[in-house]
Amino acid sequence: MAVLELTNISKHFGAIQAVNDVSFSIEAGEVVGLMGDNGAGKSTLVKMIAGNFSPSHGTMRMDGAELVLNKPVEARRHGIEIVHQDLALCDNLTAAANVFLGREIRRGVGPFRILDYASMYKRADQIFAELKSETRPRDLVKQMSGGQRQAVAIARTRLSEAKIVLMDEPTAAISVRQVAEVLNLIRHLRDQGIAVVLISHRMPDVFDVADRVIVMRRGRKVADKRIAASSPEEVTGLITGAIEQVA
Amino acid sequence: MAITLDQTIAHKQQSWLAEKLSSQTFWVLVAVILACIFLSFATDSFATSKNLYNITRNVTFVAIIALGMTLVIITGGIDLSVGSVLCLCSMILGVVMHAGYSIEVGIAASIATALVIGACHGLLIAYIGMPPFVVTLATLSIARSLAMVASGNTVVFQFGPDHDKLLALGGGAWFFGIANPVVYMVVLALLTGFILRWTRFGRYIYAIGGNEHAATLTGVPVRQIKVAVYMISSLSAGIAGIIQTGWLGAITTNIGTGLELQVIAAAVIGGAALAGGVGTALGAIVGAALIEVIRNSLGLLGINAFWQGCFIGGAILFAVLFDRVRKFRQSE
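First to last, the sequence lines map onto chains V and S. For what it's worth, full-length UniProt numbering labels the leading residue of the first sequence as 1, then goes sequentially. For what it's worth, full-length UniProt numbering labels the leading residue of the second sequence as 1, then goes sequentially.
The hints are all genuine.
So the derived label-pair ranges between C-beta atoms look like this:
no. : chain 1 : residue 1 : chain 2 : residue 2 : range
1   : S       : A109      : V       : E66       : 54 to 64 Å
2   : V       : E74       : S       : I178      : 46 to 56 Å
3   : V       : I114      : S       : K50       : 38 to 48 Å
4   : S       : L261      : V       : I114      : 30 to 40 Å
5   : S       : R223      : V       : E74       : 13 to 23 Å
6   : V       : N8        : S       : L123      : 37 to 47 Å
7   : V       : E74       : S       : L123      : 25 to 35 Å
8   : S       : A250      : V       : F112      : 39 to 49 Å
9   : S       : G129      : V       : S23       : 34 to 44 Å
Derived by calculation from the structure, the hints in this document are not laboratory data. Glycine included, each C-beta is placed from N, C-alpha and C at the ideal position.
Kindly produce the complete structure, drawing on both the sequences and the hints.
See below:
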């Protein structure tokens, strides 16, 4: 059964049709590249899965059950985690503080509860080890490289039992070596049975790590193919409109 | 030569200690201590118990408000209204007690006033999106005007049946000869330090100052926290007002004039960054102490009091300059 299934999803803002009749499904442990030019509807689609917008038409199903999201918090509760494009990190806090931001571990009783630094450092350390990242929980994010910052943002998705991780342009502004690090992190998520949706403009990254590529153009899905059966040339053609549509 | 991971980690831990030692707060504290030692030798009157009693007590009013101000500054905001809020809260206390009510009623009315003002600031800033500078600048004007209205612009110096209780509250020394205001300051500083370091609320204050957008995205209740922070800032001004009233024994409508600048100076000297995200409770106290020591020493050394502003201004520049130089060196 598909972990996430979208059926005839549309979204319009007034007269503007941002997403038009899009259907697709994602299996557990699958990495799907979501590609398309600016304004193709990728972000709108992802924001619906993340609970920022509700669809105008169509249904979303998770593990077969209908999924209705009104707020981002509800998406999180269903096991949908997002790595934002700007990573949403506080430079003045430590790696561990950022990982646990909004979900701090506390100890104590009733209203008298204090931050449990020891538990948070320990858990963050475990997650970074799992992700095979050299990030240290006590370091300030300010002093970190782009790849380490990505690791901190991705570590957040490991706090709960995530089923789907949405990653918005995770390799947009980092060095070549750091891109390799991030792609490895994505593979680690996949190996643990997590479905990953990778929104990216970078063709090599998608062809490197994704199992499948979905291409959007002007709000419509114009391709949904296994990576092995496609080529960067074909995807470029689909993005620009040189190739109208493929099955 | 190849550097192993362990070596790097060891180096990091050394530099962690180095970072504590090179923090702005630490060096300002050193400056305060050195100044005190110097003054003890240079003047006969500095190290007397009477002068130390005076200094510690004078520090408290600025220091208590600087604690609240530090929270606001950490979130990236500013509160210019504290001097006027102090005046209004003192005046409410005075007028209510003068009318024959007990000290409890007076303090309750005074604190309620502070909390209402803080809540208004918070709502306008967090929910309407007005700039903190503008909102609190307006209150700077409004609160003092209301204090004049409440008192008819007269001096209040008779506080009804609980007159003596109020004077003892602010002017007494119930514990080991330490002035009461100093005890309040220490308690409030410990409380603020605890909140910042050990509570989720404190963590969120730093997060908002570091990256407000990120805090919102990760589910931090940014607006509620901001309202709470401005309420705490006004509350600290109210508390200082109550204590100061008890100490002075009289209230005029010009008390606390210009106090906001001294308070902001104390917070900044103590290491709070106006850009947000950085600041400590200890810093607020140390910053206030440095200002008071400068003021006190100029008098004792026989330097004309007109020079006071130059020295305090110089201290602000020097403290922040020091921090900049340290960061330049780090980035190299």
